[in-house]
Amino acid sequence: MRQEVFMAGMGGQGVLLAGQLLAQAALEAGLELSWFPLYSPEVRGGRATCTLVIADGEVGSPVVGQPGSVILMDGIAVDNHLHRVRPGGLAVINSSLTGGEVSRNDIDIVVIPATNAAMELGSERATNMVLLGAYVRASGVVEAQAVEEALYRVLPERHYDYIPTNVAALQRGAQLAEGQLV
Amino acid sequence: MNTLAIIETSKPVYTRPDSLTDIQMRYCPGCTHGIAHRLVAEVLDELGIKERTVAIATVGCSVYAYEYFDTDAVQASHGRGPAVATGIKRCQPDTIVFTYQGDGDLAAIGLAEVLHAAARAENFTVVFINNAVFGMTQGQMAPTTLMGQKTTTTPLGRSVEQGGYPLNICELLAQIPGVAYLARETMTSPKRVRQAKRSLKKAFQVQMAGLGFSLVELISSCPTWWHMKPLEALQWIEDVMVQQYPLKVFVDKLEAGE
Amino acid sequence: MPERQLITGNEAAAEGAIAGGCRYFFGYPITPQNKIPEYMSEHLPRIGGVYVQAESEVAAINMLYGAAATGAWAMTTSSSPGISLMQEGLSYMIGAELPCVLVDMVRGGPGLGNIAPAQSDYWLATRGAGHGDGRCLTFAPASVQELYDLTGEAFPIAQKYRNPVMILADAVLASMREPCTLRERLDPPQEKPPWAVGGARKGRQRNIINSLWTAPPVMEEVNLRVAQRYEQARQNELRWTEHGADDPEILVCAYGISARICQTAIEHAAEAGVACRLIRPISLFPFPVQVIADWAQRVNKVLVVELSLGQFIEDVRLAVEGACPVEFLGHTGGVLVTPEEVAARIIEIA
Chain V
1 MRQEVFMAGM
11 GGQGVLLAGQ
21 LLAQAALEAG
31 LELSWFPLYS
41 PEVRGGRATC
51 TLVIADGEVG
61 SPVVGQPGSV
71 ILMDGIAVDN
81 HLHRVRPGGL
91 AVINSSLTGG
101 EVSRNDIDIV
111 VIPATNAAME
121 LGSERATNMV
131 LLGAYVRASG
141 VVEAQAVEEA
151 LYRVLPERHY
161 DYIPTNVAAL
171 QRGAQLAEGQ
181 LV
Chain E
1001 MNTLAIIETS
1011 KPVYTRPDSL
1021 TDIQMRYCPG
1031 CTHGIAHRLV
1041 AEVLDELGIK
1051 ERTVAIATVG
1061 CSVYAYEYFD
1071 TDAVQASHGR
1081 GPAVATGIKR
1091 CQPDTIVFTY
1101 QGDGDLAAIG
1111 LAEVLHAAAR
1121 AENFTVVFIN
1131 NAVFGMTQGQ
1141 MAPTTLMGQK
1151 TTTTPLGRSV
1161 EQGGYPLNIC
1171 ELLAQIPGVA
1181 YLARETMTSP
1191 KRVRQAKRSL
1201 KKAFQVQMAG
1211 LGFSLVELIS
1221 SCPTWWHMKP
1231 LEALQWIEDV
1241 MVQQYPLKVF
1251 VDKLEAGE
Chain Z
2001 MPERQLITGN
2011 EAAAEGAIAG
2021 GCRYFFGYPI
2031 TPQNKIPEYM
2041 SEHLPRIGGV
2051 YVQAESEVAA
2061 INMLYGAAAT
2071 GAWAMTTSSS
2081 PGISLMQEGL
2091 SYMIGAELPC
2101 VLVDMVRGGP
2111 GLGNIAPAQS
2121 DYWLATRGAG
2131 HGDGRCLTFA
2141 PASVQELYDL
2151 TGEAFPIAQK
2161 YRNPVMILAD
2171 AVLASMREPC
2181 TLRERLDPPQ
2191 EKPPWAVGGA
2201 RKGRQRNIIN
2211 SLWTAPPVME
2221 EVNLRVAQRY
2231 EQARQNELRW
2241 TEHGADDPEI
2251 LVCAYGISAR
2261 ICQTAIEHAA
2271 EAGVACRLIR
2281 PISLFPFPVQ
2291 VIADWAQRVN
2301 KVLVVELSLG
2311 QFIEDVRLAV
2321 EGACPVEFLG
2331 HTGGVLVTPE
2341 EVAARIIEIA
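Sequence order for the protein chains is V, E and Z. Numbering-wise (this note's numbering), the first sequence opens with residue 1 and increments by one. Numbering-wise (this note's numbering), the second sequence opens with residue 1001 and increments by one. Numbering-wise (this note's numbering), the third sequence opens with residue 2001 and increments by one.
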């Protein structure tokens, strides 16, 4: 098993946190993994991406040209990265922040209004969790429960107050994905 | 009584300090480096710290200082003595560390290192030899060269247009709180020599007490590149150099009881 | 029971150094390695060590020179422009036969460049070390675990050969997170080496740390002694890994992060019917010449992949010695190669 997921969004959307949570869940599951972030040098307001490769053996390249799956958090991410997904792959897209039509029919696409869903849960900042919940449900790469538990390992203790909202967002994302899976 | 017997039975009144080796120094006739070395060595002897001292030789006429001081020694790259001293002192706080730096080494290429060592209140001693000229490289302008002073790179005399103004290192350092002892002395007369030694001793005592950064600037003569006879050079210090570089104890935290 | 933890390469380098016995750190901030000095400033004082933030990389390497002169196990870390500034100090350390450890998290250059991953400091690391005849012993990890392990192992190696050891990594390795198994932290040896300055002399001869030898025959003697140690390192410290087919058409040579990328690329190539073997030198100086020379006799072509315009390839060419053509694939300025790109190139030249 070797699964790659590339995540992209604007700085502050929690792209890196979503990647770290999934990485931590994979670690707890005893898998090998490599998580590699890339961001523009602005401290605020730049672009953020990360690549996560999860494998049951050696990970090999942490750098991926054509990822098997992507989580795209806004329109720019869709414009820049949707075309890179390997045929037969998976894209999870935030329709709240994407204007255009999604134009590929050779991959599985899960389109969910993640930002709207997060706002309904009381925190726009949980957008990343809605998308991650949808991705975990759609890909099955780790157990949903493992991601929820990973929140306690990845977040600093002073942010534990946000965990219930994050868990709700992960679960909401999974629900939204459910409706779209064939 | 033959001569040998006289020597053997006499009480010596002037000998080489323990902290100097018997290697013959390579300094020019009339240069005050020799006096400065001797004063530092006497202080190390008197404070009984020779065995735990590390001398840091830098780049300039005193590059061979590691041969002259009979202590552990490190030769440092040009200007970086205070950084090297920081490394030694932070790893071995019980060691007594001093750098021996000329005006090119300290005031030109190494200005950042000495200022920041002072700012960090590093607990070592700097012996700063200011003779207003690059000696080893044959008499070029130093940051401390006086206005109008002729050197091999200011043949018409130092001008503001060409070389800017002299740097007064003690005055610069005096405003830094990490400095625990700071004095400017010279060695133009027996009285001045004794005063210079008192300041050097204070500087090492400040280090031994762990009070912070200490520096003694010694206004020194360079008869060779000033193109003067040794006595003329000493007179020039008294008449001209100390006008630009007044002799003074700027900071003394030992005396202040801190 | 040692625990696998998800940590970044920067954290691995820092903790690996501490675990290997490093207790003194002198550095100056520069992206993408700032997490190392941050980690050291937090952890070293807690275990009786010392962290000093220098006023420049020039000061940092000279603080390291002073620390090394006392026999302390000390290090600095930086990224490309900072390592450039440290070259003079490295030259002095080699001349004075002082050990130390450096980590270079290479970024895009030349000049201020950028903070993206690159491997364009290969020459700087393996040929650099400033003026004169000296070189840094250089090791290139390719994973967070290996970065942790090698940084720790670098300390006794530096002491053994009385020479700076460079850990050559890059911005990917610095920032990536991978599982890493941490060891117990070792203490550096209590006893100081006989050449160290400081402490009470207690009747021993005085020690002088110096790189000034005005008599040419004496300077030559020092240089030959240093070269002799490099020869010993060639005997004892060669490291590399091999992956892939036992009967390959193509030999792929890459180090560090490029080798990780190539590892996946040769799997893609194998699926397309081209058998490859990947050799990943870990020790870059000394360089594992023989293994590359041996495989070069058995393949049609060699492909070198690196994140520069061609620096590492010179060592590979010297090892291949014309036994077969040596092809090149590289990007520069912070642009990464992808496994897909490498695989396509392998298929193209096969």
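Treat each hint with caution, since some may be false.
What the hints assert, rightly or not - Stretches of chain Z that chain V covers, calculated by requiring three or more beta carbons in the stretch to come under 8 angstroms of a beta carbon on chain V: (1) 2051 to 2058; (2) 2119 to 2126; (3) 2261 to 2271.
What the hints assert, rightly or not - Simulated restraints, written as ranges between beta carbons of each label pair: (4) V:V154 to Z:I2047: 48 to 54 angstroms; (5) Z:G2322 to V:G12: 52 to 58 angstroms; (6) E:G1048 to Z:E2221: 32 to 38 angstroms.
Claimed, not checked - Over 10 angstroms on every C-beta distance to chain V, these chain Z residues come out as not near it, computed from the model: (7) A2116; (8) I2157; (9) R2206; (10) D2246; (11) R2317; (12) L2318.
Because the hints were derived from the structure by calculation, they are not lab data. Given the structure is predicted, the values throughout are model-derived calculations rather than measurements. C-beta: ideal position from N, C-alpha, C; glycine also.
Verification of the supplied hints:
1. 2051 to 2058: Contact hint for the segment 2051 to 2058 of chain Z vs chain V: violated, 0 residues under 8 angstroms.
2. 2119 to 2126: violated (count 0)
3. 2261 to 2271: Since 6 is at least three, the answer is holds.
4. V:V154 to Z:I2047: 48 to 54 angstroms: violated, 26 angstroms
5. Z:G2322 to V:G12: 52 to 58 angstroms: Given about 55 angstroms between the Cβ atoms, the range holds.
6. E:G1048 to Z:E2221: 32 to 38 angstroms: Because 37 angstroms falls inside the window, the suggested range holds.
7. A2116: Z:A2116 not clear of chain V: closest Cβ-Cβ about 8 angstroms, inside 10 angstroms.
8. I2157: Fine: 26 angstroms to the nearest Cβ keeps Z:I2157 off the interface.
9. R2206: Since the minimum Cβ distance to chain V is about 50 angstroms, Z:R2206 lies beyond 10 angstroms and the statement holds.
10. D2246: holds, 18 angstroms
11. R2317: The claim stands: Z:R2317 keeps its Cβ more than 10 angstroms from every Cβ of chain V (closest is about 25 angstroms).
12. L2318: holds, 27 angstroms
Of the numbered hints stated above, those contradicted by the structure are hints 1, 2, 4 and 7, listed in ascending order.
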